[in-house]
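Build the full structure now, drawing on both the sequences and the hints.
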Amino acid sequence: MLDLLWNGLVNIAQWKYLLPLFAGTLIGVIGGSLPGVTITMTVIVVLPFTYGLDPLAGLAAMTGVYVGGSTGGLIACCLLGIPGSPSSIATTFDGFPMARNGEPGRAIWLGVWASVWGGLLGALFLVFLTGPLAAIALEFGPWEYFSLFVLAMAMVAGLSESSLLKGLISTAIGLLITVVGHDPIGSVPRFTFGSAFIGGGFPFLPVLIGIFAFAQIMTDLEKLNSPRGEALQSPAGVRLERFSHLKVNLEIFKQPFLLAWSTIVGLIIGILPAIGGSASSVMAYDQAKKFSKTPNRFGKGHPEGIIASEASNNANVSGSLMTIMAFGIPGDAVTAVMLGAMTIHGIQSGPLFISQNPDIAYGIYAAYILAHPCMLLICLALMPLMLRVTSVRMAVLAPVVLVLCVVGAYALNNTMQSVYVLLLFGVVGYMLVKLGFPLAPLILGLILGDQIEINLVRAIMTDANPWLFLTRPISCLLLLAAASSVGLAIWQHWRHQTRMAGEEPDF
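Going by the UniProt record's numbering, the letters in the sequence shown line up with residues 1 to 507, in that order.
It is worth saying that the hints were derived from the structure and are not from the lab. Treat the hints with caution; some may be incorrect.
Okay, derived cross-link-like pairs now, DSBU-like style, lysine-lysine, Cα gap no bigger than 35 Å in a straight line [stated by the list, open to error]:
#1 K166 - K434
#2 K434 - K300
#3 K247 - K293
#4 K254 - K290
#5 K290 - K434
#6 K300 - K254
#7 K290 - K300
#8 K166 - K300
#9 K290 - K166
#10 K166 - K293
#11 K247 - K290
#12 K254 - K293
#13 K293 - K434
Listed next, with one range per pair, are the computed distances between beta-carbon atoms [stated by the list, open to error]:
#14 D54 - D463: 45 to 55 Å
#15 A196 - T294: 44 to 54 Å
#16 P373 - K254: 21 to 31 Å
#17 T219 - Q14: 49 to 59 Å
#18 L480 - Q14: 48 to 58 Å
#19 H245 - D463: 49 to 59 Å
Glycine included, C-beta positions come from ideal geometry on N, C-alpha and C.
Printed below as a string of structure tokens:
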């Protein structure tokens with residue numbers, strides 16, 4: 001196995017493979033950093049250019065887009081407070097506050113280096129444990145998937161310190177948004193009230209951009225006339241001269257458990273089809289907060305939140321690659337495009353893929369590994385330019401960001417409906433922020449709502465016996481973990497309230 005991996009690395013290091021890999025990674029970083037331009041959209045744009053390449057070169061380019069886009073999303077998160085890609089949602093929670101506190105370079109490079117180390121740790125699992133770990137996914141039926149999503153919903157209770165009730169209400173709002181439109185099984189219209197505008201439901205990306213971007217922009221504009229608004233009018237300098245990559249890496253490796261556990265969370269979620277990087281980053285963030293000795297610092301620019309989100313985000317890529325290579329099942333939309341590219345090139349993925357195509361399989365492993373140093377070099381070259389965003393006055397930056405968000409929403413389907421959805425949920429997000437509701441549980445409910453319903457209906461259609469949710473071992477363990485998560489969140493909330501009563505607030 002090690003010989004095959006070494007041969008794969010030597011093979012990919014050739015210019016005919018390395019150049020497409022580097023180009024794909026560059027395009028991925030740029031596409032991931034632009035709000036509204038998803039990794040999926042970027043890889044679709046790249047796909048036609050791979051037809052003239054040999055199979056391994058084309059797959060290397062798309063692997064580069066996948067890795068680069070997963071990391072590029074954190075740039076907009078930290079500098080603008082808007083997820084550049086859905087998989088970077090949780091990075092916004094602490095990356096943007098850290099940048100606002102005068103440390104944008106530290107915020108971004110914590111994310112970049114956590115992505116690198118999380119991705120490379122994920123590569124170890126990708127190479128050595130593809131078969132054994134992916135076999136677990138074969139045991140998952142609709143009961144297990146439903147229980148897994150219930151576990152994810154239970155975890156959001158820990159994302160709101162001030163009020164568990166507000167966290168659960170926020171989750172319920174996210175779930176309610178997903179039931180508008182046609183139901184995913186029978187395609188029956190629900191809650192459309194005869195309106196063509198909401199007949200197809202609310203598209204995820206405009207809702208995401210609206211809730212985060214519009215709410216953030218309005219909050220910032222409110223502060224411009226306040227005594228503290230001067231910080232927004234003239235943001236702090238980037239301090240590139242004093243920045244230390246060694247210090248950032250030491251900060252990451254001082255918490256080995258956080259890095260390892262976030263990587264494992266991202267990997268497991270990546271192996272399970274149809275969940276995606278957005279859920280894995282939020283779940284890793286929640287786990288980091290539950291295990292942290294300083295949970296009250298989350299949401300205020302805490303490095304642990306950035307490390308957990310980005311390590312999980314890139315490890316999720318390796319998990320998705322495991323699924324497509326071992327079973328021929330796309331773990332998400334990006335690997336679905338890669339599966340199509342394999343089919344076009346006459347490659348059959350599935351259980352026999354690695355044994356029948358070892359050169360391509362280990363070439364993909366090698367491309368995934370080498371994409372990380374390529375991504376690092378690209379970030380080193382482009383970051384000084386990107387960090388200049390922090391020196392732009394908010395009065396100038398806000399309208400530019402708003403226009404980019406509108407353009408990104410319109411480009412999704414080339415219809416004004418997406419723009420109206422963005423504005424509608426921008427107002428909803430702003431109202432929720434003003435009322436003190438956390439946005440993270442809402443987004444997670446929005447991500448998993450359809451999958452919860454689909455798997456519940458499939459389970460009942462397969463066997464109407466409800467006790468199967470408890471008698472099937474994996475499903476039972478997941479439900480017990482969900483109950484434990486709620487109990488842990490309640491205990492954490494009680495501990496936080498006790499600390500706040502006995503100590504001065506941490507400003």
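Structure-based check of all given hints:
This hinted pair checks out: K166 and K434 have alpha carbons roughly 13 Å apart, not beyond 35 Å. Annotation: proposed proximity of K434 to K300 holds, straight-line Cα distance about 17 Å (limit 35 Å). With a C-alpha separation of about 21 Å, the suggested pair K247 and K293 falls inside the 35 Å cut-off, and the hint holds. For the given pair, K254 sits about 18 Å from K290 by alpha-carbon distance, which is consistent with the 35 Å threshold.
Taken as a hint, the K290 and K434 pair is honoured in the structure, with Cα atoms around 25 Å apart against an allowance of 35 Å. Proximity of K300 to K254 is assessed by CA-CA distance (about 20 Å); at most 35 Å being required, the pair is judged to hold. Restraint check for K290 and K300: satisfied, since their Cα atoms lie roughly 16 Å apart, inside the 35 Å limit. Pair hint K166 plus K300 holds up; C-alpha atoms about 19 Å apart against a cutoff of 35 Å.
Between the alpha carbons of K290 and K166 the distance comes to roughly 18 Å, so the proposed pair stays at or under 35 Å and holds. The straight-line distance between the Cα atoms of K166 and K293 is roughly 23 Å, inside the 35 Å bound, and the hint therefore holds. This hinted pair checks out: K247 and K290 have alpha carbons roughly 25 Å apart, not beyond 35 Å. A hinted pair counts as satisfied when its Cα atoms are at most 35 Å apart, and K254 with K293 qualifies at roughly 14 Å.
Between K293 and K434 the CA atoms are separated by roughly 28 Å; this keeps the pair inside 35 Å, and the hint holds. Under the hint 45 to 55 Å, the C-beta atoms of D54 and D463, about 47 Å apart, fit the expected range. Roughly 50 Å separates the CB atoms of A196 and T294, a value that falls within the hinted 44 to 54 Å. Against the hinted window of 21 to 31 Å, the Cβ-Cβ separation of P373 and K254 comes to about 23 Å, which satisfies the hint.
Checked against the hint of 49 to 59 Å, the pair T219 and Q14 passes, with Cβ atoms roughly 50 Å apart. Checking the proposed 48 to 58 Å range against L480 and Q14 shows it holds: the Cβ atoms sit about 50 Å from each other. Evaluation of the 49 to 59 Å hint for H245 and D463 yields a pass: the beta carbon distance comes to about 55 Å.
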